[in-house]
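Student: Sequence:
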Amino acid sequence: MHTLEYSTEKKSTTSIFVSHDKQYFRELACGRKFVVISSENILKSYPEIFQDINLITIDDIESHKNLATIEDIIGKLAGFGVDRSFILIGIGGGIVCDITGFVAHIYMRGIRFGLVPTTLLALTDAAIGGKNGVNFGCNKNMIGSFDNPDFIVADSNFVQTLSEEQYMSGLGEVIKYALIGNGEILRILTDDKDKVLARDGATMQKVIGDAIRTKIEIVKQDPDDKGIRQILNFGHTIGHSIEITEGIPHGIAVVKGINAAIDISFKAGILPEKEAQFIKQLLIDFGYDISYHLGKKQFEALANDKKKENSHIRFVLLEGIGKPIIKNLTIDEIARLTE
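By numbering that gives the first Met the number 0, the letter at position 304 of the sequence shown is numbered 303, and the numbering carries on one by one without gaps.
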C-alpha cells in the first residue's frame with residue numbers, strides 16, 4: 000500500500016490510500032461511529048464489506064441522482080441518530096461518491112466523510128477533487144458543493160468485476176487525461192492497448208495511479224474550478240448534453256464529446272488535421288462509437304450548462320495533444336462547427 004495526499008486552502012489534507020484491502024475504511028474511521036452509503040449492486044457483489052455496519056442503499060442510476068434521494072438519505076441519517084461526531088463513508092461508483100459528498104456537506108452544516116470508489120470512473124475522476132453534486136431536472140450537477148473527503152481508499156482490483164459498459168465508461172475519462180497532458184497514460188494506451196482492454200492488473204494499477212496524480216496536481220492549483228481545473232471538462236460539455244438527453248453512460252458520452260471537441264478544434268483552425276485523425280483513430284481502436292448528433296434537445300441542454308456565462312460557454316479545445324485551451328463559444332458557433 001502507498002499513500003498520496005493533497006490539500007487545498009479550504010480543507011485539511013485528503014489522504015488517498017492505494018490499497019487492495021477493501022475493508023481498510025474501517026481502520027480509517029479511527030474508532031468514530033460511521034454510516035455507509037452504497038448501492039444494492041455493490042452490496043450484492045461484495046457482501047463481506049458490509050457486515051455489522053449501519054448502511055443506507057440507493058439506486059445508483061442517473062435519474063435518482065437528485066434532491067429526492069438526498070432528502071431520503073438525510074431522513075435515514077437522522078433516524079440512525081447521526082451527529083457531527085460520525086463520519087459518512089460512500090462505497091460505490093461516481094453517483095454514490097457525488098451523493099455522499101453532497102450529503103456530508105449539508106447535513107448538520109457539514110460532517111466528515113470518506114470514499115471507497117468501486118468503478119474506474121470513480122477511481123480516476125468522480126472521487127477525486129472535492130466536486131459533489133446532484134442533477135436538477137435535465138441539468139447535470141446543477142446543485143452541488145466543493146468539499147474534499149478526509150480519505151479515499153483506491154483499490155484497482157474493483158475494475159475486474161465491472162461490466163464491459165462500466166469499464167469502457169471509466170476508460171473514457173482515462174483517455175481524457177491522456178489527451179489533455181498525461182503523456183505516460185497516452186503511451187500505455189497506444190503501446191499496451193490489449194493489456195488495457197484485458198484489464199491487466201499491473202497495467203491498470205499504473206494507469207489509475209497516473210490518472211489520480213494528474214487530477215491531484217490540477218486540483219491543487221485550482222480547487223475552486225476558476226482556471227486551469229476547467230481543462231478537466233474536456234469532452235464534458237457536449238458529453239453532458241448527450242448523456243442527459245440520450246441516457247448514455249457518462250464516460251461513453253464523454254468520448255462522443257471528445258470527438259465533437261476535436262471536430263470543433265480542427266474546423267476552427269486550432270488543431271492540426273494529423274493530430275485530429277490520430278485522436279479519432281485512438282477512440283475507434285478502443286471500440287468506441289464516436290458518432291454523435293446534436294439536435295434540439297442537446298442544444299437545449301447546452302443552453303442550460305452550468306459553464307455558460309451570458310451567451311457563451313467555456314469550452315475546452317485542443318491546440319495539440321497535451322495542449323488544452325479554453326475558448327468562449329456561443330451555441331451558434333458550436334452548432335456551426337459540429338455540422
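The hints are simulated quantities; they were obtained by calculation from the structure and are not laboratory data. Note that the coordinates shown come from a computational prediction; the quantities given were computed from them, not determined experimentally. There's no promise every hint is true.
[As the list claims (entries may be wrong)] Taking lysine-lysine pairs in the DSSO-like style, the calculated list, with each CA pair at most 27 Å apart, reads:
| # | residue 1 | residue 2 |
| --- | --- | --- |
| 1 | K296 | K273 |
| 2 | K295 | K219 |
| 3 | K296 | K266 |
| 4 | K273 | K219 |
| 5 | K306 | K219 |
| 6 | K205 | K219 |
| 7 | K194 | K219 |
| 8 | K219 | K192 |
| 9 | K322 | K192 |
| 10 | K219 | K322 |
| 11 | K266 | K205 |
| 12 | K326 | K296 |
| 13 | K326 | K219 |
| 14 | K295 | K306 |
| 15 | K75 | K21 |
| 16 | K219 | K266 |
| 17 | K205 | K192 |
| 18 | K192 | K273 |
| 19 | K296 | K307 |
Student: Confirm or reject each hint.
Tutor: Here's how the hints hold up against the structure:
1. K296 - K273: Roughly 32 Å separates the two Cα atoms, so the pair is violated.
2. K295 - K219: Violated. K295 to K219 sits at ~38 Å, over the 27 Å cutoff.
3. K296 - K266: holds, 23 Å
4. K273 - K219: violated, 33 Å
5. K306 - K219: Measuring from Cα to Cα gives roughly 20 Å; hence the hint holds.
6. K205 - K219: Given pair K205, K219 holds - Cα atoms ~21 Å apart, limit 27 Å.
7. K194 - K219: violated, 31 Å
8. K219 - K192: Given that 27 Å is the threshold and the Cα spacing comes to 30 Å, the pair is violated.
9. K322 - K192: Judged against 27 Å, a Cα distance of about 23 Å means the pair holds.
10. K219 - K322: holds, 19 Å
11. K266 - K205: violated, 35 Å
12. K326 - K296: With Cα atoms ~23 Å apart, K326 and K296 stay inside 27 Å; holds.
13. K326 - K219: holds, 22 Å
14. K295 - K306: Holds - the C-alpha atoms of K306 and K295 are around 19 Å apart, at most 27 Å.
15. K75 - K21: Holds, at about 25 Å.
16. K219 - K266: violated, 33 Å
17. K205 - K192: Given that 27 Å is the threshold and the Cα spacing comes to 14 Å, the pair holds.
18. K192 - K273: holds, 21 Å
19. K296 - K307: Given that 27 Å is the threshold and the Cα spacing comes to 16 Å, the pair holds.
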